[in-house]
Amino acid sequence: MAQLVRLTVNGSPRQEEVEPRLLLVHYLRERCGLTGTHVGCDTSQCGACTVLCNGQPVKSCSMLAVQAEGMAITTIEGLAPADGMHPLQTAFWEEHGLQCGFCTPGFIMAATALLAENPDPTDEEIGRGLEGNLCRCTGYVNIRRAVHKAAAAMREGAGAAAPMGG
Amino acid sequence: MIPAAFEYSRATSVADAVNQLRTAGPEAKVIAGGQSLLPMMRLRLAQPGHLVDLNGIPDLDYVRVKDGSVQIGAMTRHATLVRSELLRANLPLLAEVAKEVGDPQVRTRGTIGGVMAHADAAGDYPTVALMLDAEIVTDRRRIPARDFFQHLFTTALEPDELVVEVDFPVSTGAHRYLKFRRRVFDWAIVAVGVQRLGDGWRVGITHAGPTAVRAHAVEDALRSGATPAEAAERASDGLNPNSDVHASSEFRLHLAQVLTRRALEQAA
Ligand SMILES: Cc1cc2nc3c(=O)[nH]c(=O)nc-3n(C[C@H](O)[C@H](O)[C@H](O)COP(=O)(O)OP(=O)(O)OC[C@H]3O[C@@H](n4cnc5c(N)ncnc54)[C@H](O)[C@@H]3O)c2cc1C
Ligand code: FES
Ligand code: FES
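Respectively, the protein sequence lines represent chains A and B.
Using this note's numbering, read the first sequence as starting at 1 and increasing by one per residue.
Using this note's numbering, read the second sequence as starting at 1001 and increasing by one per residue.
No wet-lab data here; the hints were simulated from the structure.
Only a predicted model underlies this, so the values are computations on that prediction, with no experimental measurement involved.
Backbone N, C-alpha and C define an ideal beta-carbon position, used for all residues, glycine too.
Honestly, I wouldn't trust all of these hints.
If the Cβ cut is set under 8 angstroms, some of the chain A residues that face chain B in the computed set are [claimed, not checked]: (1) Thr43; (2) Pro57; (3) Gly132.
If we strip away everything but chain B, and leave its shape as in the complex, we get (with noise of 0.2 angstroms):
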């Protein structure tokens, strides 16, 4: 199918991103990877007047290590996570996780930014931020994960805002994530992750909820002695997922518990 017609624009930075933004009013939306986006346009479900494309913006693409942080630029595609020698030492869990993302064709465009900004219930990265207490820097501000992700496809950013960081502590400890789904390429039905940080453990949820969520109940048991098995059974508290055509409601709970298990036993 084909999208409906649309004004295109290329930005030259940053600034002039927003600024074309802000010109071309309330029906304009930028692209990144399109991997999300021109999908959902040649759908219907999106029908953008105009596109502001961030693909030649120079300097947006890279991961650097400063000060026990990891930064990654916004256009950094996930076949650049995969291949990330710093971020492989620096964040493991990152960029095993980008390995999962998707296929080779979906991870040559797709970006890291697109990932946060269009907030899918399913998306990887969220997890990974939430969990890890990231930071989404933007043109104007830095938001914390926790404030960022608000609900299913809704962050905190402004219709003019654009990310162009996100900012997660440098994390070596033992980790693992865990996607469930039925073909390799797909999103996860449930996913988790786990990271070692500091004297204690992070435990992040995907899919069973509108946005990803961290496990804090099982973060304490397991801080208070609980096995890996106790501390898993406390995955599903609190949470209270959708069913869908991929599995029931029930089946998400049980397997936030079975992964979260898993992913304890198996971190290295």
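Looking at chain A on its own, in the form it has when it is part of the complex (with noise of 0.2 angstroms):
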């Protein structure tokens, strides 16, 4: 039977009745129009669904659409500026950390919620907040040199409004 759920989506408030079973990424790809966040496995593995959850990041995979009632849910949409990149986007083009690209949305959403609890993460402390997140391209090395160039430029802009997800 469907179930009424009311939720924020990047910003906008939406209410609508879904199937139980309809996961959370689905809702986002198939019923909010939000591609961007992808599906790469079955076994909640490879993170590449990573989305924010009132700030948190979670495998829309792993999660039920009706339990998302009253949460605010960030994705790759929601997290630049109408006008630019965040600054985790800019840096993962400009140190070349994707190839195909299929995993780096839920990279960015991972990076996103180390950023915010960690502002200056160590390689070993960005290697373990992605940890959930497989790359079948990079070998992460340029992820990892994009994360701290992201958190550099974000600490900078820290004072002047950098935008953040959640």
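Two chains, each in its own frame: build the complex with the hints.
Structural data, given as structure tokens:
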């Protein structure tokens, strides 16, 4: 039986009926048209589907849409200001933090959560912060470099409103 | 993949959840963090007809210290355990174990009650519960950890019984949990926990059998004055682990010994 769910997606309040078995990732992709959140596996392993729920990282393939009741969801589409890119997006681009790009939205959302908690992470802390995300292309070195670069840019911009997810 | 269809309802209290489970019948299950249940439903290894969601129940998410015990609400998330100052001060072993459970995304949602009820052979908290003689508090009784974990995915819980709290003794002595795995977010291939408590050591082993085990032989050897290296040789006593794609049975026995020695040597 369909179930009512009320939530906020990238700042817009939404309210609709969904089937209880609808996964949050499918709700975001198919009902909200936000296809930046990817599905890379069936087993909660890859992190390509990572979004923020009330600022905390979750794998949206491992949560039901009905469980997002009352929550604020941020997807990759909600990260950047209307007129530009988020510092993490810029840094991934500049540091070649992606090749095919399939994993990238998930990495950027996980990195957003990491930097919110730890604005100046070490190599080791970046590794641990992104341990729930798999990339089959880059070998991770450039991803780590991109996160360092974005962290520096965000610390510098901290006085001047750095856009944050959540 | 998409789970099979099911009915869904939210519980507002523990009593309400138990009632809903009874009304919905044997096909019903509760969902906590969903980090084990939803992947199993997606693979259709589980097909509950009705899910009762515990996430809306207030007051099941806490860490308290009372009368020498650390009480943790069933819906307390792994991430909360990692961040809890109170836990770090009173049961630092568990705070360190929580940090090694899954990955940040799993730790946002997954709960201690869910790990206990799920009883995966590679679950990390059951080992700590067993070695420290923790008690699992349900809506109707207190179950000592040694009676709670019965077999792979099998606990002493009745079908309509809920875990509401886990009680550990305050343990602030030297401790260490060493988890062997190929990738950092993986489950343990084998893990070993050690904790100094009272005048002895407690030693527990993860994933060297269908449930966690307490290594009494190691504890006894240490009590009789054995060195960590000598005592660790007893870590594989009585174990008969499975072979699987990750490790052979022999390798698991070897890991139990090596990790026990290292954990005792590194305990601080
Ligand atoms: C990629 C990945 C890696 C992981 N790595 C580890 C790891 O290294 N170590 C580890 O220990 N775990 C690991 N996990 C599992 C994780 O810790 C889960 O959170 C946990 O096993 C289940 O807790 P949950 O709250 O998510 O429960 P759910 O998935 O919601 O439920 C699991 C089962 O327990 C039952 N249940 C839940 N709560 C209660 C309750 N209060 N009373 C009665 N029954 C209840 C449910 O009905 C269900 O049968 C991993 C998971 C993933 C996806
Ligand atoms: S799609 Fe792979 S973890 Fe969600
Ligand atoms: S860039 Fe291809 S999977 Fe990461």
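Right, here's what the structure says about each hint:
1. Thr43: Holds. Min distance 5 angstroms.
2. Pro57: Interface hint status for Pro57 of chain A: holds (5 angstroms vs cutoff 8 angstroms).
3. Gly132: holds, 3 angstroms
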